[in-house]
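Listed here are the chains, written in short residue letters.
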Amino acid sequence: MDLIANFANGFMNLFKAGAAVFSSWVTGIIPLIVILMTAVSAVIKLIGEERIHRLAQKATGNIITRYTILPILAVLFLGNPMCYSFGRFVENKHKPAYYDATVSFLHPVTGLFPHANGGELFVYMGIAAGVTTLGFPLGELAVRYFLVGIVVIFIRGLVTEKIYAALKAREQ
Amino acid sequence: MYRAITIVKGNSGWGGPLTIMPTEVCNKVVSLTGGGIHPIAVKIAEMTGGELVDGFKTAVPDEEMFVAVVDCAGSARCGVYPKKKVFTVNVTPVGKVGPLAKFIVENLYVSDVTETCISFAVEGAALTSKDGSAAQTVQGTVALAVTEPKTKAQARAEIAAMNSGKKKNVITRLGIAVGGVVNKFYQAGRETIDMVMKSILPFMAFVSMIIGVIQVSGIGNLIAQTVSPWASTLPGMLLISLICSLPFVAPVIGPGAVIAQVVGTLLGVEIGLGHIPVQYALPALFAINAQVGGDFVPVGLSLGEADSETIELGVPAVLYSRLITGPLAVLIAYLFSFGLYQ
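Quick mapping for you: the protein sequence lines, in order, are chains A and B.
Take the first sequence: its letter number 95 is residue 241 in this note's numbering, and every next letter is one higher.
Take the second sequence: its letter number 93 is residue 1038 in this note's numbering, and every next letter is one higher.
By construction, these hints were calculated from the structure, which means they are not laboratory data.
Nothing here was measured: the structure is a model prediction, and the numbers come from that model.
Relax, there's no trap hidden among the hints.
Estimated spans, in silico, between C-beta atoms of each pair:
hint : chain 1 : residue 1 : chain 2 : residue 2 : range
1    : A       : Leu201    : B       : Trp1175   : 39 to 47 Å
2    : B       : Pro1006   : A       : Ala185    : 41 to 49 Å
3    : B       : Thr1059   : A       : Leu201    : 17 to 25 Å
4    : A       : Ala315    : B       : Arg1135   : 44 to 52 Å
5    : B       : Ile1164   : A       : Ile150    : 22 to 30 Å
Glycine is no exception: its CB is placed at the ideal position from the N, C-alpha and C atoms.
Start from the sequences and build out the full structure, keeping to the hints where you can.
Structure follows, in structure tokens:
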């Protein structure tokens, strides 16, 4: 009898730890995320997607803004997965590079603007939880993640554009 | 004579597309929007040849109602007309919500409609049927087009007459503007809660279960001894990113970023326990995510309206590129992590 009781206790303990983690997330993470996401996506709805189309069009012109400003606008205003639709503003030979830059920004953006990719928050938040445990504020990590993200998407755009051009040349 | 039109949903809309044509009986385009007749209702009436009615001034029997144009934020009106089996066009971006949500269906309802969403139906297109019965097709629109439904001047004069004595004053316009802003905030809140319920909470449930089991069962120690040393050196992280970005690995571990999220959470636990130095949080974010979107290239490219040849070569281009940029991203993040939390 004791054996069964002990087993049952052990079994429940296994899940109690999970329950503690779950409740700390629900109370610690969700309220802020809800308010932040509501506020930012309301502002973005007020500005409106159409209003940034012209800016997006301008950003396609040169190689630097094409793989920085354009993906950032797309991710902030359209979020995952509609951000890829801004690919229609760039020429066919730049589309794969645009895709690569855009998709690579979907996680660096979540530290500061979680609304843009609310379904995949835990790439950042999982690691950020550890930083919080140690008692450090998250601002610094979020800002650096965002900035390094911009550098990385620019390089990805550049490299993918060159590789696509090479593949295309070999094809012909 | 009447013409068929196709109405598609707007950028943030839901439902549709509706391909519809008025009949002798059912031909009234009813505008049920605050502050006079809505331009969308005008456009629909102009294009189809239907009769424009201000629903707030004139009652229209249900069977004569061809289209209802509403500006409902999701409380009542957007469901009332679909419930009556009347085609409903909502100018606000509201989906299947509200107390009558179950009546809001794609073959009766379309939302976030702007003028660009409305076009003449192509000949031979199936008319949207209200109850799923055999669909009629659009016929003879070209022949009918010769007899222009109603000239624009005529239509304008009619609208002016209907709107006369009801000129939008400052208060009405202010009301509409405030209503619009409030609607957008309400919609933002609804989308956020939807996201929390459908994506964030389910993910938290499954990951916190895993973490609990790992902590209690002692697998945690195993991870601390095997994985943590890898994730706390630069070469180790470069290796992780290289493995993640291999062209045959990336598309497999990409979907939904589920693996990256689980690994991120586990590394977070190790960082919290002090097994991985805290400044490595930044390069780790890139190391575990070198595969990002590796599974989604064809879909993403077609969303960007790429042609098939571009998609064919674009997939390997992105995957090969990751072999270089995956580890490179870790290196850059490593350089940027100097001075972090010190």
